[in-house]
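K.L.:
Protein chains in written order, with the working numbering: chain A, 8 to 358; chain B, 8 to 358; chain C, 8 to 358; chain D, 8 to 358.
Among the clues, some could well be false.
For identical chains, the list gives no copy identity; a pair is met inside one copy or between any two copies.
Claimed, not checked - Think about it this way: if two alpha-carbon atoms lie no more than 30 angstroms apart in a straight line, the pair counts; the simulated DSSO-like pairs of lysine-lysine are:
#1 K33 to K287
#2 K71 to K93
#3 K58 to K212
#4 K171 to K259
#5 K229 to K258
#6 K150 to K287
#7 K150 to K112
#8 K229 to K171
#9 K212 to K171
#10 K119 to K287
#11 K258 to K63
#12 K93 to K63
#13 K119 to K259
#14 K63 to K287
#15 K37 to K287
#16 K58 to K287
#17 K71 to K150
#18 K171 to K258
#19 K37 to K268
#20 K259 to K233
#21 K212 to K268
#22 K114 to K150
#23 K212 to K114
#24 K259 to K212
#25 K150 to K93
#26 K63 to K268
#27 K58 to K33
#28 K58 to K268
#29 K258 to K233
#30 K268 to K229
Quick caveat, the hints were computed from the structure, so don't treat them as lab data. Being a predicted model, the structure only gives us computed values, none of them experimental.
Protein chains: 4
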Amino acid sequence: MISIGIIGGSGYTGGEILRILLNHEKVEIKAVTSREYAGEPIFRAHPHLRKITDMKFIEPDLEKIASLCDIVFLAVPHGTAAPMVKRLLEAGIRVIDLSADFRLKNKEDYVKWYGWEHPCPELLELAVFGLPEFHRDEIRNAKLVANPGCIATASILSITPIVKAGFVEYDRIVLDAKIGSSGAGTSVSEATHHPEHSNLVRAYKPVMHRHTPEIEQEVSLKSGSKITVALTPHAIDMVRGILVTGHMFLKKEITMQEIWKVYREMYQNEPFVRIVRDHKGLHRLPDPMNVIGSNFCDVGFEIDAHANRIVTFGALDNLMKGAAGQAVQNLNIMIGVDERMGIGLTGVRPV
Amino acid sequence: MISIGIIGGSGYTGGEILRILLNHEKVEIKAVTSREYAGEPIFRAHPHLRKITDMKFIEPDLEKIASLCDIVFLAVPHGTAAPMVKRLLEAGIRVIDLSADFRLKNKEDYVKWYGWEHPCPELLELAVFGLPEFHRDEIRNAKLVANPGCIATASILSITPIVKAGFVEYDRIVLDAKIGSSGAGTSVSEATHHPEHSNLVRAYKPVMHRHTPEIEQEVSLKSGSKITVALTPHAIDMVRGILVTGHMFLKKEITMQEIWKVYREMYQNEPFVRIVRDHKGLHRLPDPMNVIGSNFCDVGFEIDAHANRIVTFGALDNLMKGAAGQAVQNLNIMIGVDERMGIGLTGVRPV
Amino acid sequence: MISIGIIGGSGYTGGEILRILLNHEKVEIKAVTSREYAGEPIFRAHPHLRKITDMKFIEPDLEKIASLCDIVFLAVPHGTAAPMVKRLLEAGIRVIDLSADFRLKNKEDYVKWYGWEHPCPELLELAVFGLPEFHRDEIRNAKLVANPGCIATASILSITPIVKAGFVEYDRIVLDAKIGSSGAGTSVSEATHHPEHSNLVRAYKPVMHRHTPEIEQEVSLKSGSKITVALTPHAIDMVRGILVTGHMFLKKEITMQEIWKVYREMYQNEPFVRIVRDHKGLHRLPDPMNVIGSNFCDVGFEIDAHANRIVTFGALDNLMKGAAGQAVQNLNIMIGVDERMGIGLTGVRPV
Amino acid sequence: MISIGIIGGSGYTGGEILRILLNHEKVEIKAVTSREYAGEPIFRAHPHLRKITDMKFIEPDLEKIASLCDIVFLAVPHGTAAPMVKRLLEAGIRVIDLSADFRLKNKEDYVKWYGWEHPCPELLELAVFGLPEFHRDEIRNAKLVANPGCIATASILSITPIVKAGFVEYDRIVLDAKIGSSGAGTSVSEATHHPEHSNLVRAYKPVMHRHTPEIEQEVSLKSGSKITVALTPHAIDMVRGILVTGHMFLKKEITMQEIWKVYREMYQNEPFVRIVRDHKGLHRLPDPMNVIGSNFCDVGFEIDAHANRIVTFGALDNLMKGAAGQAVQNLNIMIGVDERMGIGLTGVRPV
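Assemble the whole structure, with the sequences as input and the hints as a guide.
P.N.:
Rendered as structure tokens:
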């Protein structure tokens, strides 16, 4: 059994890691921290876990956690993770960091996109971008896994086959994302106040969204061509789920068969990517409603002959494949068990 | 391995049985029927099951199903189940019927509440009301289990301890239910058209709702006193979930300790009933949002000294403890395995 | 033209008063206050009012407001209104107070239900409970109108005819309310955080809700019999709207005609009460979805012969007939114009 | 007073025309037709209009309507409008057609985009595209106004200033639309069944959507350059409202001032277009939640220096500026009254 710690366990991502790991056969949860809830039962923050666990939250004492755990999940805000990661690594703990602090390889990008100097740039090289479909081998022995962003995961997985195949222009890639409120976390704000987050379509960061450099980094790496991404996310009246619609312009005429081929080549053996393009019924393309509660990323595509365009779709549950589920997928790879262990959960539908 | 058939597999209840049983260690699904989808892959009706199963729907041929299966789940409309049940029982198959056709013991009640003569009243005695908390021993050897209604389950479990204890008046029991749209099934109608089922609170059957006699039958049986129930369900803008609020009037003064005692006595060893009455935090009482995707029924209570009232709450996922989850709980009892097998799913939250 | 001030203009109720009065023929808005938004354009808090008005919020300076206005709407939190009311009345200003501070006639009730000693009990007698259907004549010359609570309005209007007729038991009146999030105002909290306020049915104040004494006071007064009310409100996933379901037990057998008669007698000449009990179609009973944006309170009823019960329904828009609309109805009566002026707005549907 | 008929009055658009015209000072409604509801009161289909009107639906008898009315609104399905229009015009009636049957100037476009030969192509020239901001003068004397589509209106108004200014590439214009369920009308279907239309993001017509040629026709006409549009609409969990996000690529560097200038030039005198780009607060850009119930189209924009892109936003209420509101705006122009008459309704918010 692997001993696990979760730092920042009272948020939605922490709750989702718990939902998964409390049923995982090969791990034991030793510590779950929360400043706000320290000393209180976990079910007070996560009422769905009542009768599932009697554990209590503890204070985030890194020394204690290091003494108890083999691997630690960090589910804390961007910027606060980096110093914790450094100390945990020094204590010999392997870390899965769900913040953005180690996703980017280029330290200048933190200045440009996040507005701060990275406090431990020497660790950036050590960090592995935790997208199993692209970095499975490096994850296996990683000391530090930087778990990808939710919009980034849906974007990267859905557009890379097309870009890598060289079908589309590299500098006119539009990613129009639609996202539920749970992505904003548990902190209350005017933006997530129910009357202000109902029946809305709000472009909350219309340009320069922070997931942009992750997407560019990974798609460029995998495709071998430098791309530029035009990303605009929209908050909609939904709690879980993301759909990223990709709009790209064709460099030459292609057939549907060619597109199927590049998607199949990339994903046919992937346990958590489904290619969805049905010719019948209501559910012909990816839709977050069909992945809620599961670790799947559904990807799909369509050719627009009229506008010389390919449209792609990437749908996932932002707390699963977009955060906790992917983190456990990384964990499974790191500890050498079946990659699907604990995350073979079937989606819940309708919901 | 037990061989299982599902008749009426393309509806929401059928999909939920599949979600559970495809991961159940002791059963094998041999047949899933659908007139509408016969010959098509299951994922066409249930897109969340894509890549989980490659099975196809078949036509509802009872002889074939009887030859393939040990136990059959019937998820067909009220009224159509009865003749199928009869034929399956004659073929020696054990049946878990999710319709209302065998829930009531008194054949006159079908005339009164459903408006039809029961076609096989001789089977009513054979049928066991499939509420494990009340009928576990009879379910074990049952040939025919009549799976309870969703509102009925939440109602019965939440009020019985109070009624049985004799705390309240038997003829002034108000049950005010709030229910999501999935309870209406997959058939489209004006009532479930999205613009007509959004931002609504619609008492769709304000009196004489068909779950009334189930509730009266079971609570009366368990409490030893004949009760009358005043039930009004309301459709609200939610897909999954039910809350039943019980309003009952005290016959004498009682303390909170006495109430806790009768609930604990009845449910402390029950795997799927949680008593929820917290003194702190946001989630102090049962709320369907905390059970979605799980088989729990959360029950809670409050004393209203001002109005001489007890208020009770029963929350469940109508497709789980209210239908498919409870059906599998019954299955587990019937086949002698751990009652929680396959339905120990943790709820998905937030969603 | 009457000069109007709105104190507390940046909340939802303030916004709704503005929506109405900016199109009212007989009033001129002279001052709209907000501590938070002082100096900023009104459309910053109320983006739907962009291009409708260029006014700015000002600081809540009572002297200044008194010098500018004839009548002032107070839309500030309970407890903070009372001292402001006192000063405004002393300055000769007529006040429509949307807080609870002057709704109850009995000063002890503030201690019991609100937990504070009323700071100016001498004004309680002066205040008129602002329910036009019951107090139209007193409102006409009132110096101080205490605008009723939203749940209270729906409750009082829907049950009074039945109670007054003596059809039901006075001490077993159950009011089960379902309410949207806008009733909680603009202040953010965990309870109204979107992921925590979606797909929920949460009894947030299961007993001893503060609208109870208002309802008891007014129904008792109108019916001439002292009643006790058992009120439980539930937050549901809706922004605007309230439905109050009343469950009452019959003292004797009655006919539907008798019920129609007592409702017609009370409301047939009321401009803003509709009796809704259709025999056909989807919308047979009151549902908040049919009153959103309008000042109607829809009331309806049903007899439950099985349980010896009457069920009543009261539906309204909590920001209109439940707050701002009713406040303007009171204003119209106070200034002697057509009671419907500015609030003859047709509901918006579907929405 | 102008005499008005509404053919197809029981749908959502018909209901919205009624909501407006029942309060319009210069028109009298003489006939409202519905095959399904003929003989029944209007409030049976439109329960929010109860107590607002006692009118009944009549059968769609064109002769009778022609004898009663000066101007007729046609709110019937695409394809069925054309022959009715022809007959009404022959009878000397002016027509505002809310279907798509006369929006396109080029008869071949009906074959390409709608799949049918236009039955009366000779009338295409006569028809005026009913977007007042672009065709006010022609509308004034029009016999036949073709009311624009909802997505089309939001698209055209939001992107035209940018395109006309020559800032962006003409053949890489992405329009990513998000739309509520009321746009699908009152006909029930699996796609709009509440459990299938909740928590969804469904690209229901990912390429070749029928509003494409309208947009291309009008933007090309106004800008003087032929454009190609890549449109993908998404159904989301919302009843009313549309947001169209435009993604366009810059041909040269431009400043925010230049963009403001071209929008102001086009819209500064328009009563129903608001330019929304605030520098403060939550509501900085167009969001359908801020226009619900009103006739405004909010337009906004942002520069993406990173990706060499302009992002535009167009938000409207699909039943108002996207259908009925715009139709009445056209009516007002046709009959020579203040363009805002009856549609100066302030939006309802929050809702």
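K.L.:
Is it within, between, both or neither when you check K63 against K287 at 30 angstroms Cα-Cα?
P.N.:
So K63 and K287 pass the 30 angstroms test across copies only (15 angstroms; inside, 49 angstroms).
K.L.:
When Cα atoms must be at most 30 angstroms apart, do K171 and K259 count as within-copy, between-copy, both, or neither?
P.N.:
both (14 angstroms within a copy, 28 angstroms between copies)
K.L.:
Regarding K71 and K150, is the shortest C-alpha distance of 30 angstroms or less found within a copy, between copies, in both, or in neither?
P.N.:
within (19 angstroms within a copy, 56 angstroms between copies)
K.L.:
For K71 vs K93, is the C-alpha pair at or below 30 angstroms within one copy, between two copies, both, or neither?
P.N.:
within (15 angstroms within a copy, 59 angstroms between copies)
K.L.:
Classify it for me, K37 with K268: is the Cα-Cα distance of at most 30 angstroms met within a copy, between copies, both or neither?
P.N.:
Neither. Shortest intra-copy (45 angstroms) and inter-copy (33 angstroms) distances fail the 30 angstroms Cα cut-off.
K.L.:
Can you tell me if K93 and K63 fall within 30 angstroms by alpha carbon in one copy, between copies, both or neither?
P.N.:
This pair counts as within: shortest intra-copy Cα distance 26 angstroms, inter-copy 51 angstroms.
K.L.:
When no copy is named, should K229 and K258 be tagged within, between, both, or neither for a Cα gap of at most 30 angstroms?
P.N.:
Both: 19 angstroms inside a copy, 29 angstroms across copies.
K.L.:
When Cα atoms must be at most 30 angstroms apart, do K150 and K93 count as within-copy, between-copy, both, or neither?
P.N.:
within (11 angstroms within a copy, 62 angstroms between copies)
K.L.:
Within, between, both or neither: how does the pair K150, K287 come out at a Cα-Cα threshold of 30 angstroms?
P.N.:
Neither way: K150 and K287 sit 46 angstroms apart in one copy and 39 angstroms across, limit 30 angstroms.
K.L.:
Is it within, between, both, or neither for K37 and K287, if the alpha carbons may be no more than 30 angstroms apart?
P.N.:
between (48 angstroms within a copy, 25 angstroms between copies)
K.L.:
With 30 angstroms as the alpha-carbon cut-off, assign the pair K258 and K63 to within, between, both or neither.
P.N.:
neither (57 angstroms within a copy, 40 angstroms between copies)
K.L.:
What label fits K259 with K233 when the C-alpha limit is 30 angstroms: within, between, both, or neither?
P.N.:
both (19 angstroms within a copy, 21 angstroms between copies)
In summary, the structure is inconsistent with hints 1, 6, 11, 19 from the numbered list given earlier, while agreeing with the others.
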